[in-house]
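Construct all of the structure, not just a fragment, from the sequences and the given hints.
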Amino acid sequence: MSDSLHWLVGQLAHLGLNYAFLLDAYASGKLLDGALTTLGLCLFSIVGSLLVGALLAAAVTSGQRWLAWPARAFIEVTRNTPTLVQLYCAFLVLNMLINQSLGSANPMIPFAWVVLVISLHKGAFHAEALRAGIEAVPAVTLEAASSLAFSRRQQLLQVQLPLAVRFALPALVNNLIDLVKMTAVASAIAVNDITYASIMIWTQGDNVIELMLLILAFFGLLSFAVNCIGRALEARLRMPGYGH
Amino acid sequence: MPSEPLIQLRDVHLAFGDNPVLRGIDLDVQAGQAVSIIGPSGSGKSTILRCMTGLLRPQRGNIRIGDTAVEQLQGEAGLIALRKQVGFVFQQYNLFPHLSVLDNLLIAPTKVLGRPRQAVRDEALALLDKVRLGHKATAFPGELSGGQQQRVAIARALAMRPKLILFDEVTSALDPEMVGEVLAVIRELTEEGMTCVLVTHEMRFAEEISDQVYFTEHGRIVEHGSAEQVFRAPTHARTQAFLQHALGEGSQRPSRPAPDVLTNLGRYSLSV
Amino acid sequence: MAIEHFATLWQWSPTLGAGLLQNIQISVGAIGLGTLLGLLVGILLLSPLRPLRGVARLWVQVFRNAPWLVLIYFTSYVFPFDVQIAGTWVAFPDWLKVTVGLALPASANVAEIFRGAVASIPATQWEAARSLAFSRGQIFTSIILPQCLRRMLPPWMNLYAVVTMGTALASLVGVHDLIDSAQIAANTVNRSGFTVLVYFSVLALFFFYCYPIARLTQRLERRYAF
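Residue numbers (my numbering), protein chains in the order written: chain Z, 1 to 244; chain U, 1001 to 1272; chain H, 2001 to 2226.
Calculated from the structure, these hints are not laboratory results. By construction, the Cβ of each residue, glycine as well, lies at the ideal position given by its N, Cα and C atoms. Keep in mind that a hint or two might mislead.
As the list claims (entries may be wrong) - Residues from chain Z that face chain H, not an exhaustive set, calculated with beta carbons under 10 Å: (1) Val85; (2) Ser104; (3) Met108; (4) Ile109.
As the list claims (entries may be wrong) - The following residues of chain U were derived to be distant from chain Z, with all beta-carbon distances above 12 Å: (5) Ala1015; (6) Pro1040; (7) Ser1041; (8) Leu1049; (9) Arg1050; (10) Glu1076; (11) His1098; (12) Pro1116; (13) Ala1119; (14) Arg1132; (15) Arg1156; (16) Asp1168; (17) Asp1175; (18) Thr1190; (19) Glu1217; (20) Arg1238.
Here it is in C-alpha cells:
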C-alpha cells in the first residue's frame, strides 16, 4: 500500500505536482478524516433531505391550505436564499439562542447543524421535483384506477406515488449530486470536512493546486457514485416505452 | 324482455358549470344485452357512461345499477362496491405504465378484491389468451401498439369479473388497421352474453352487435329501439341526417387525441 | 428593545448596503463573463471537430461537478495578487478573483443550457430550412439561434439567481460583502437580539433580490411552454 503510494507520488512529481504531503502521517490522516466527515455529511443529508422532501411534497399537495401554504412559503424562501446564509442563521443565530437557554446542554454540534440545514435546503428542491411528479400523473390514469374500484388510498399508493417517483427520479438524482457538492459549505463553520482539512494543510505548505485537484477528484468521485446509483435505480424502475 | 333491467337511468340531468351536458336521459339495459349509444361528438354519450360508474354525479335524476342507486351513493365505500361490478374501458386505454401487462390485470383483483394472487394469475393469463395477447404478459404497456393496449385494458376490466362493462369510444384513438382486432374481442364478449354498453363511432359494428341502440343529441335521447329499427328505419329526422352522414362516409372517426405526454421533469436542481 | 435593535440596524444600513452592492457587482460580472465563456464552450460542444468537442466536454464536466466554494478557494489562493499587463502591474483584487471563480461554473452551466436549447429545436426545423436552400451557417444564425435564445432565457435567469446566491461565498475569502458586513456588525454590537435581526435581514435581502427573478423565470417558462 505505502509502496504504491510512494510510486504514485513519484510519478506525479514528474508532472510537476508535489504530493509529498500524502506521505506525511499528519497530513494524510487529516485528509482521510476530512474525507470520512464529508462522506458522513453526504449520507446523513441525503437521507434527511429525502425525508424533508417527502414531507414538504405531502404538505404542498395535501389540498389543506393551512398545511400547503406554510410549506410553499418555506420552499420559496429556501430556494431563493444562499445556503451559507441559512447556515449562519442556524449556527450563528439559532445555536447562539439555544446556548443561551440551555448552556452546555446544547446537543447540536456544528456537524449536525450542517446536516440539518442541507437537509432542509435540498428537501425543498426534492419537494418541488416530487410535486411536479405528482402533478404529472395523468388524471385519466387515476380515473382508470378509480373505475377499477381502487380506494383513494390505494390510488395514491399503487398508482400515483409509484408514477410520481419515476417522473421525479431524474430531478431527485440531480438534486443529490448537487447536495454532495454543497457539503463543502461545512468548512465555513469549521466542520472538519475534506475542504476544511485541505485549507488546514495548504496554510502550512505551498501545495494549493495539488490539494485542489485532490478535492475536485474526491467530489467528482462522490458525484459519480451518486449518479451511478441514481441511474441504476432509474433502470430498475424504468417503464419500457415511455420517455427517454 | 319482462324482467327488471340491470341498468336504469331516469331523467338524468348534468351540467358542467353553466353548460348543460345531459338534459333528461332515460335509458334501460337488460342483463345480457349489448347496447350502443351513438350520436354526434359532444352530445353527452361519454358523460352517460361516466355517470353510470360514479365518476360523475348527475345533478338530477336516478341511476340504478342492479340494486344500487348510484346517485345516492355517499362516500367512497359505496362507489367502490359499485365499481367492483362495473368494468370501464377508456378511449385512451389508461393502462398503468409502471406495471407489466400481467400486473395490470392482477393489481385490482388482488389489492381491491383481496383474492389470492395465484388463482387470479391463472385467470389473468387465460384472459390474456382470450384477447390473443398471452405472449405479451411480461411486456410493458409502453411497448404495445394501441390496439394491443386496448385489448389489455379490456382484459383488465374482465379480470374484476364485472357484471357489465362500459366501453367509452374504445376504438377512437386507434389507427384504422387496429380497430378490427379490438372490435373482435368485444363481439366475442357480447356473444358470450356479457352485458355491454358501448359509446362508439363504428356504426356498422354497432348495428351488427347491438340489441338496443340509443341516438343522443344535445344531451337528450332523440330515438331508441332495436339496432335494425334505428339503423334501417329511423323515425326521427335528426337520426336520419346523422346516419346518412355517418354511414355514407364510412365510419367517421374524430381526430385522434394526443397521447399523454409524460415529460421529463428536469427542473433546475442547482443551488449554493 | 426590538425598536432599539432596528435603530442600530438603521445605523449599520450604509455598511450593509455597500456590502450588498459588492455582491451584486460580483454577480453581474460573473454572469457576464460566464455567459461569454459559456457560449464559446457551448459552440465548441457542437463543433464537428472531435478534439474541440472533447475539450469543451471536459470543461463542462469539471466545472459543473466542482463545488462552487472549492472553485472560489481555487481562484482566490492560486491566482496572484497582481498581474502584469502591458508592462504595468495591475492589482488583482479579491472580489475579482471571486468573480472569476463564480464565472467558471456559470460558464459550464451556460454551455449546457445552450446545448440543451439547440437540441430542443426539432430536427424538422433544420430540414425545413435546408429545403429552402439555406446554408448550414444561415440556418444556425437565422432559424435555430433565435429560437434558442428564447428557450435559453428562463434557465439563464435562474442561473443568474443562483450565481447571486453564490456570491455569499465571497465572504469566506475575505471580500467585504453583505455577509462580511453583517458579521462585523453582529460582532461589534454584540447583542444577541441584534445578531438575530442582522442575519435574518441578510436572508431577507437575498430573498427579495432573488425571488422576483424566480417568479419572472416561471412566468417566462409558462409563456414559452409549447
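We went through each hint and held it up to the structure:
{"no.": "1", "hint": "Val85", "verdict": "5 Å, holds"}
{"no.": "2", "hint": "Ser104", "verdict": "17 Å, violated"}
{"no.": "3", "hint": "Met108", "verdict": "17 Å, violated"}
{"no.": "4", "hint": "Ile109", "verdict": "20 Å, violated"}
{"no.": "5", "hint": "Ala1015", "verdict": "20 Å, holds"}
{"no.": "6", "hint": "Pro1040", "verdict": "23 Å, holds"}
{"no.": "7", "hint": "Ser1041", "verdict": "18 Å, holds"}
{"no.": "8", "hint": "Leu1049", "verdict": "10 Å, violated"}
{"no.": "9", "hint": "Arg1050", "verdict": "9 Å, violated"}
{"no.": "10", "hint": "Glu1076", "verdict": "6 Å, violated"}
{"no.": "11", "hint": "His1098", "verdict": "5 Å, violated"}
{"no.": "12", "hint": "Pro1116", "verdict": "18 Å, holds"}
{"no.": "13", "hint": "Ala1119", "verdict": "18 Å, holds"}
{"no.": "14", "hint": "Arg1132", "verdict": "20 Å, holds"}
{"no.": "15", "hint": "Arg1156", "verdict": "7 Å, violated"}
{"no.": "16", "hint": "Asp1168", "verdict": "10 Å, violated"}
{"no.": "17", "hint": "Asp1175", "verdict": "16 Å, holds"}
{"no.": "18", "hint": "Thr1190", "verdict": "20 Å, holds"}
{"no.": "19", "hint": "Glu1217", "verdict": "25 Å, holds"}
{"no.": "20", "hint": "Arg1238", "verdict": "31 Å, holds"}
The structure does not agree with the numbered hints 2, 3, 4, 8, 9, 10, 11, 15, 16 stated previously, though it agrees with the rest.
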